[in-house]
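> So you can see what is in the structure, the chains are spelled out below.
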Amino acid sequence: GAVVSQHPSWVICKSGTSVKIECRSLDFQATTMFWYRQFPKQSLMLMATSNEGSKATYEQGVEKDKFLINHASLTLSTLTVTSAHPEDSSFYICSARDPLSGSTNEQFFGPGTRLTVL
Amino acid sequence: AQSVSQHNHHVILSEAASLELGCNYSYGGTVNLFWYVQYPGQHLQLLLKYFSGDPLVKGIKGFEAEFIKSKFSFNLRKPSVQWSDTAEYFCAATQSGGYQKVTFGIGTKLQVIP
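Note that the protein sequences, when read in sequence, are chains A and B. So in this note's numbering, the last one in the first sequence is 118, and the numbering has no gaps at all. So in this note's numbering, the last one in the second sequence is 232, and the numbering has no gaps at all.
Everything labelled a hint here was simulated from the structure, so no lab data went into it. As the structure is a prediction and not an experimental result, all values here were calculated from the model. Beta carbons are placed, not taken as given, at the ideal position from N, Cα and C, and that holds for glycine. It is possible that part of the hints are untrue.
Claimed, not checked - Cross-link-like lysine-lysine pairs, in silico, BS3-like; alpha carbons within 27 Å at most:
| no. | chain 1 | residue 1 | chain 2 | residue 2 |
| --- | --- | --- | --- | --- |
| 1 | B | 179 | A | 20 |
| 2 | B | 219 | B | 167 |
| 3 | A | 66 | B | 219 |
| 4 | A | 41 | A | 20 |
| 5 | A | 20 | A | 64 |
| 6 | B | 189 | A | 55 |
| 7 | B | 189 | B | 227 |
| 8 | A | 41 | A | 66 |
| 9 | B | 219 | A | 64 |
| 10 | B | 187 | B | 167 |
| 11 | B | 187 | B | 176 |
| 12 | A | 41 | B | 227 |
| 13 | B | 187 | A | 20 |
| 14 | B | 219 | A | 20 |
| 15 | B | 176 | B | 219 |
| 16 | A | 20 | A | 55 |
| 17 | B | 189 | B | 219 |
| 18 | B | 219 | A | 55 |
| 19 | B | 179 | B | 189 |
What the hints assert, rightly or not - Far from chain A by the CB rule (all over 12 Å, computed), these chain B residues:
| no. | residue |
| --- | --- |
| 20 | 122 |
| 21 | 133 |
| 22 | 138 |
| 23 | 154 |
| 24 | 162 |
| 25 | 163 |
| 26 | 179 |
| 27 | 180 |
| 28 | 182 |
| 29 | 184 |
| 30 | 189 |
| 31 | 190 |
| 32 | 198 |
| 33 | 203 |
| 34 | 220 |
| 35 | 232 |
Just need the whole structure built from these sequences, with the hints factored in.
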């Protein structure tokens, strides 16, 4: 199946700094990628849909100025957490659709990035 | 609003016991349904999916799920679990057609005792 990678797998940063997380589709081109956030003992919450060459679509309640998404190529989307605070500490997961999979809406998930803000 | 609910948040079973994890969705129209598994320290992997046709779907590792439209359910089953099935299981749904947003259930943590 299609492979999605994320980098870094974990990051610790100081409050007030910005952190960039990369999501790559390794063996397919993804026009659409998704960013999720997973809190402990909770499900994945969709943050935004990242579209190659256009602005991301954010879910209600997600601050677009805080969580900057860039999808500059068909294989790379980045999520930048700006001015991070301890409450931003979470597990961030990206996923991508393989356009060749048709209308199945199946998503392929990255391994996730654990962000800890001190 | 579209939602997916999983009834069992934490299940503990002995090896060889049978498993059934409940999943209900609230979507209008035609839906695509998924079960994902997340093993400890690993990323989400697709177990099985339903789009149309036979409502009994077979997935990897001996898992199956049955789509019952009248009950808006898509329960996951396995006749005999193994210790290696210890993981978190997520049910997910999306409207079918085009690129649709996927909604996940809260997840069920399965612990299999040897």
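> Take the hints in turn and mark each one as holding or not.
For each hint, the structure was consulted:
no.: 1; hint: B/179 / A/20; verdict: violated (36 Å)
no.: 2; hint: B/219 / B/167; verdict: holds (15 Å)
no.: 3; hint: A/66 / B/219; verdict: holds (22 Å)
no.: 4; hint: A/41 / A/20; verdict: holds (25 Å)
no.: 5; hint: A/20 / A/64; verdict: holds (14 Å)
no.: 6; hint: B/189 / A/55; verdict: violated (38 Å)
no.: 7; hint: B/189 / B/227; verdict: holds (23 Å)
no.: 8; hint: A/41 / A/66; verdict: holds (24 Å)
no.: 9; hint: B/219 / A/64; verdict: holds (18 Å)
no.: 10; hint: B/187 / B/167; verdict: holds (15 Å)
no.: 11; hint: B/187 / B/176; verdict: holds (17 Å)
no.: 12; hint: A/41 / B/227; verdict: holds (9 Å)
no.: 13; hint: B/187 / A/20; verdict: violated (42 Å)
no.: 14; hint: B/219 / A/20; verdict: holds (24 Å)
no.: 15; hint: B/176 / B/219; verdict: holds (24 Å)
no.: 16; hint: A/20 / A/55; verdict: holds (17 Å)
no.: 17; hint: B/189 / B/219; verdict: holds (22 Å)
no.: 18; hint: B/219 / A/55; verdict: holds (17 Å)
no.: 19; hint: B/179 / B/189; verdict: holds (26 Å)
no.: 20; hint: 122; verdict: violated (8 Å)
no.: 21; hint: 133; verdict: holds (25 Å)
no.: 22; hint: 138; verdict: holds (20 Å)
no.: 23; hint: 154; verdict: violated (8 Å)
no.: 24; hint: 162; verdict: violated (4 Å)
no.: 25; hint: 163; verdict: violated (8 Å)
no.: 26; hint: 179; verdict: holds (15 Å)
no.: 27; hint: 180; verdict: holds (19 Å)
no.: 28; hint: 182; verdict: holds (18 Å)
no.: 29; hint: 184; verdict: holds (19 Å)
no.: 30; hint: 189; verdict: holds (21 Å)
no.: 31; hint: 190; verdict: holds (18 Å)
no.: 32; hint: 198; verdict: holds (26 Å)
no.: 33; hint: 203; verdict: holds (19 Å)
no.: 34; hint: 220; verdict: violated (6 Å)
no.: 35; hint: 232; verdict: holds (25 Å)
Hint compliance for this structure: hints 1, 6, 13, 20, 23, 24, 25, 34 are broken, all remaining hints hold.
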